[in-house]
Amino acid sequence: MPYYRGICNFCGTGCGHLLRVEGNRVRGVYPVSGHPLSRGRLCVRGWHIHELLQTEDRITQPLIKDGGSFKPVSYEEALDYVVEKVKKLSGRQLAVLGSPRASNEENYLLGKFARTILKTNNLSLSSDAGQEESARVLLEGCGWPAMTGTLAELRQADFILVVGGDLTKQNPIIASEIHHAHRGGTFLATISPRKTQMARLSQLHLRPRPGTIFYLLQGLARVLVEEKAIDDDYLSRFTVNSQAFLDELKQIEIEKIVELTGISREEMTELTEKLIESNSAYAFYPTGVQSLDRRTMAALFNLFLLAGKIGRRGSGINPVTGISNLLGSYDMGLSPVFLPGYASVEDELAWERLENFWQTRLERWPGKNVDTCLSEEKDIKALFVVDHDEEIIRHVNRIRQLDLIVYFGAYENPFASLAHVIFPRTSYIEEDGTYTNSERRVQLVQKRIEPPAGVRPLWKTLTNLALALGHDWNYHSVESIMGEISQLIPYYQGLSYEKLKTRLGLKWPADDLHPEGTDCLLVEEAGRRFQFVQVNGQEEKLTGEPEIQKEFPFKLVVGRSNYFWHQNSVMKRTFIPKREYNALLLLYPRGFVEISTEDASRLGLREKQMVRVVAESAEVRLAARISGDILPGMLYIPYFIDEMIPEFLHRQVADLEKNEEFFLPVRLEKVV
Amino acid sequence: MYWLTKEQLLLLVKKLAEEYKIFGPRHDRVSGEVIFDHLSDWSELDLQAAIPYNPPKFILFPHYEEILKYRYQPETKEVRIEQINLLEPKALIGLRSCDLTGLLCLDRFFLDQEYVDEFYLAHRKKLFIISNTCLRPFPQCFCVCTDSGPAAKDGFDLDLTFTGRGYLVEAGSKKGLALIADLHLPEAGPEALTLKKKIVDDSVSSFDRFALENKAWISRATNRLTTGFIKPEVWEYIGNQCFECGACSFVCPTCSCFNIEDANLASGETNRLRTWDSCSFEGYTKMAGDNNPRKPVEDRRNKRFFCKLSYSQSKKYLRPGCVGCGRCARVCPGDIGLPNVVTYIRREITGESGE
Numbered sequence: 002m003p004y005y006r007g008i009c010n011f012c013g014t015g016c017g018h019l020l021r022v023e024g025n026r027v028r029g030v031y032p033v034s035g036h037p038l039s040r041g042r043l044c045v046r047g048w049h050i051h052e053l054l055q056t057e058d059r060i061t062q063p064l065i066k067d068g069g070s071f072k073p074v075s076y077e078e079a080l081d082y083v084v085e086k087v088k089k090l091s092g093r094q095l096a097v098l099g100s101p102r103a104s105n106e107e108n109y110l111l112g113k114f115a116r117t118i119l120k121t122n123n124l125s126l127s128s129d130a131g132q133e134e135s136a137r138v139l140l141e142g143c144g145w146p147a148m149t150g151t152l153a154e155l156r157q158a159d160f161i162l163v164v165g166g167d168l169t170k171q172n173p174i175i176a177s178e179i180h181h182a183h184r185g186g187t188f189l190a191t192i193s194p195r196k197t198q199m200a201r202l203s204q205l206h207l208r209p210r211p212g213t214i215f216y217l218l219q220g221l222a223r224v225l226v227e228e229k230a231i232d233d234d235y236l237s238r239f240t241v242n243s244q245a246f247l248d249e250l251k252q253i254e255i256e257k258i259v260e261l262t263g264i265s266r267e268e269m270t271e272l273t274e275k276l277i278e279s280n281s282a283y284a285f286y287p288t289g290v291q292s293l294d295r296r297t298m299a300a301l302f303n304l305f306l307l308a309g310k311i312g313r314r315g316s317g318i319n320p321v322t323g324i325s326n327l328l329g330s331y332d333m334g335l336s337p338v339f340l341p342g343y344a345s346v347e348d349e350l351a352w353e354r355l356e357n358f359w360q361t362r363l364e365r366w367p368g369k370n371v372d373t374c375l376s377e378e379k380d381i382k383a384l385f386v387v388d389h390d391e392e393i394i395r396h397v398n399r400i401r402q403l404d405l406i407v408y409f410g411a412y413e414n415p416f417a418s419l420a421h422v423i424f425p426r427t428s429y430i431e432e433d434g435t436y437t438n439s440e441r442r443v444q445l446v447q448k449r450i451e452p453p454a455g456v457r458p459l460w461k462t463l464t465n466l467a468l469a470l471g472h473d474w475n476y477h478s479v480e481s482i483m484g485e486i487s488q489l490i491p492y493y494q495g496l497s498y499e500k501l502k503t504r505l506g507l508k509w510p511a512d513d514l515h516p517e518g519t520d521c522l523l524v525e526e527a528g529r530r531f532q533f534v535q536v537n538g539q540e541e542k543l544t545g546e547p548e549i550q551k552e553f554p555f556k557l558v559v560g561r562s563n564y565f566w567h568q569n570s571v572m573k574r575t576f577i578p579k580r581e582y583n584a585l586l587l588l589y590p591r592g593f594v595e596i597s598t599e600d601a602s603r604l605g606l607r608e609k610q611m612v613r614v615v616a617e618s619a620e621v622r623l624a625a626r627i628s629g630d631i632l633p634g635m636l637y638i639p640y641f642i643d644e645m646i647p648e649f650l651h652r653q654v655a656d657l658e659k660n661e662e663f664f665l666p667v668r669l670e671k672v673v
Numbered sequence: 002m003y004w005l006t007k008e009q010l011l012l013l014v015k016k017l018a019e020e021y022k023i024f025g026p027r028h029d030r031v032s033g034e035v036i037f038d039h040l041s042d043w044s045e046l047d048l049q050a051a052i053p054y055n056p057p058k059f060i061l062f063p064h065y066e067e068i069l070k071y072r073y074q075p076e077t078k079e080v081r082i083e084q085i086n087l088l089e090p091k092a093l094i095g096l097r098s099c100d101l102t103g104l105l106c107l108d109r110f111f112l113d114q115e116y117v118d119e120f121y122l123a124h125r126k127k128l129f130i131i132s133n134t135c136l137r138p139f140p141q142c143f144c145v146c147t148d149s150g151p152a153a154k155d156g157f158d159l160d161l162t163f164t165g166r167g168y169l170v171e172a173g174s175k176k177g178l179a180l181i182a183d184l185h186l187p188e189a190g191p192e193a194l195t196l197k198k199k200i201v202d203d204s205v206s207s208f209d210r211f212a213l214e215n216k217a218w219i220s221r222a223t224n225r226l227t228t229g230f231i232k233p234e235v236w237e238y239i240g241n242q243c244f245e246c247g248a249c250s251f252v253c254p255t256c257s258c259f260n261i262e263d264a265n266l267a268s269g270e271t272n273r274l275r276t277w278d279s280c281s282f283e284g285y286t287k288m289a290g291d292n293n294p295r296k297p298v299e300d301r302r303n304k305r306f307f308c309k310l311s312y313s314q315s316k317k318y319l320r321p322g323c324v325g326c327g328r329c330a331r332v333c334p335g336d337i338g339l340p341n342v343v344t345y346i347r348r349e350i351t352g353e354s355g356e
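These protein sequence lines are chains U and W, in that order.
Each residue of the first sequence is one higher than the one before, counting from 2 in this note's numbering.
Each residue of the second sequence is one higher than the one before, counting from 2 in this note's numbering.
No wet-lab data here; the hints were simulated from the structure.
Ideal Cβ placement from N, Cα and C applies to all residues, glycine included.
Careful, some of the hints might be misleading.
Stated by the list, open to error - List of simulated lysine to aspartate or glutamate pairs, EDC-like, C-alpha gap at most 20 angstroms: (1) U:K382 <-> U:E85; (2) U:K573 <-> W:D263; (3) U:K461 <-> U:E78; (4) W:K296 <-> U:D630; (5) U:K229 <-> U:E254; (6) U:K573 <-> W:E283.
To be verified - Not everything, but these chain W residues come out facing chain U in the computed CB check (under 10 angstroms): (7) I36; (8) N260; (9) S268; (10) D291.
Generate coordinates for the entire structure from the input sequences, incorporating the hints supplied.
Following this line, the structure appears as structure tokens:
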């Protein structure tokens, strides 16, 4: 029963672990102290990943829907079924949904399958638009679509700013690194309306009103300028449009920002002073369901650029991914706006290069993400989905109308029941694969156990399907796919299984210049100057019409929490995390809404008293949970799935999921 | 005492392997990790390796264990219970004295109270234990403060002390003596006792130089914890930093809390499972009817350190519940391993300023 080294597959931190394998079963897990990022730590999820890997709820053979139920079939029958149907459809009628938990190799191949064989550009990951926005903002600003800093040097930082989200819950081990830095003397500031654990640990917690983080960041930039704390030399040498940006900032009035956000000028100055004093400064923001919106990310980037903290060793702007391979999946081009390696779909040369590389003609029409396809595109007839459960289920009525739903999955889940044909796939330790964490660290996870008899890995099923549709891909191993990736994607150029087997991951770009990977973006190596990202802050209304405010005075936001963390169906298959989840479900069997202590006492509410949350179009009854963690005027519903998200929220969830800065105006009524 | 040459060590392992499954410390080449693991390749055994990151607890008390299977037949209303046979002789080679002490604490919990845990007993029954004296401490160690090292006092079948030339071997049981006889190990003579004492004394006196990570002040903390004179603010401060991951319990050689789950299998059978659990989880103390006597994080943290250090708990183990291995400090995302908590308690007593 030896312990095998591997990488945790829950969140985008990518912690090192040891799996204890007994026979063909995973019987335990333990952290690896030598891992450069996790340094011997795991969070509650990581400590129970073996429980998930034990589950009996596996899909173990291909299935075809026959009336109301599924009948087991051979791979060949299932392949024939798909080929028969796909042949009758054009690319525009097809959409592909990848999984941010799948490996780079699997997602690369899925993208290649979509673009070269299905001839569709409708391909995306689950609705985490935050990651795409974040990549676009950073590409525009500095040419790198991910973390420009490194986590390994965090403990030496002078200044860390965490904006939005609840990092201690979402990426606990990254939060732990920040916590360690803080305990070692780093100045830690948090910007979040909610009093998160990170906020409690910070020296400075700015609590702007919901929806106003953007304005606060703009205000901070304005304060920087007013305090004359700008390094003109840095700006003139390394940026292209600083003058235009400074001109824009001039139009901002601090008094207005103070009024909008509820943050005093003194608090703002305290933060900017620390930022400017610091030699080494990092900003963190989440990019998942609780991500910031585009303009807020842009404002944060601009603030750090203005402070001269981009492109230097020991500093950087660090988006944090919530799911294990979210970054890698984008690297592989599983997106309607990026080709593999972040080439833009608007770049004709990139298309030609790709056609040349794949030796086939590619469609140029603009693709859409699956969410948009299902809500807007009438033509969509078929959907290919990898390991997915709940996020697109709100389109269930539309999905039911489709002619073909092909599902590739390791575990049974509610979404799979909608499929016409199901292909089983291996779990993440039943086949080799690489995963790219938030830090751009590409890590190899090696096969440690045998899959259930007959279950093929996704790359094999896709290769079989390609062949059945007339394309002989000729991959003999998953390693050969990595070979192809390293030829196509410059960031991955210097990566190979051989290299990754003897290292605890390498941070891309790994190329001839950086054979051992790259810690951080350096302005000398960027190959271009940086630029301030365009934001259109002025046009948007901030707090809605005053009448609406009068009628719906509360701002309702949704958020995640440790155990209920997205893809609930994953957590439900564990024991200890599930117990913690059920503990809350038992306490609030019909869900809850958090309300501030101040509002509760003003309204005379008791803990667990039933209240009605009324929005413009719908209402819901929930138990009140009184909390000192949220601001007066704010209501908070944790992002649970079916059991706790009432129908009411399902209708709003598309908007609420977009980013943390979105809120719904509601009013609260006591149920009598 | 007896002598064992380096070469004979492999013979000893080979001899044991005839009857026992071999466990011991090995290196993971890529991460450099020292893991206490089942060794199919004995050449991987490294008695010079640092203290393993994982305590050997999992061998007797696995992270996840099927303890029985049952099947209910609705037609006949019969339940068939199948007991899982756990009896498998195991040899643990190169146990550090802190980990051996931890094992003895587990014995007290699982075997020496009113109720004897038969699953633990089944693992424990056929065990051959070889402890290994720490010639010098590792950075995280503080076993001298918890009376659990650097050399083992009892509980072993054989105890090894490396002298540079070979190992001094002490037998702690008849099984151990029999193995010594089997291998025809030569007696070491009276000077061996002096040599071992010198090695252990040197090790103890080198704590100031090597064990730099943790300065624990165990006895005063025990006093404070027992009398309950620790201000609630100290616990709140500690609670604020807790990430509620459970790691401190999972890596602790003496933590014995577990959870029982019934997992229904596709075959229609049900597996009864025992898994590790931790007092840091909210669901751990939660009762039916919504009541939770330890709802706030700080109350749960308080509980853990009470369990490790208070006198009333020590009466159960006949020693402190902490064995000074320092692992909880290494794995804690919130930096509130036991040594740090002791530091906070000390600061409260002495009025030193924080940070």
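Exercise for review: Would you list, in rising numerical order, the hints stated earlier that this structure does not obey?
Suggested key: none
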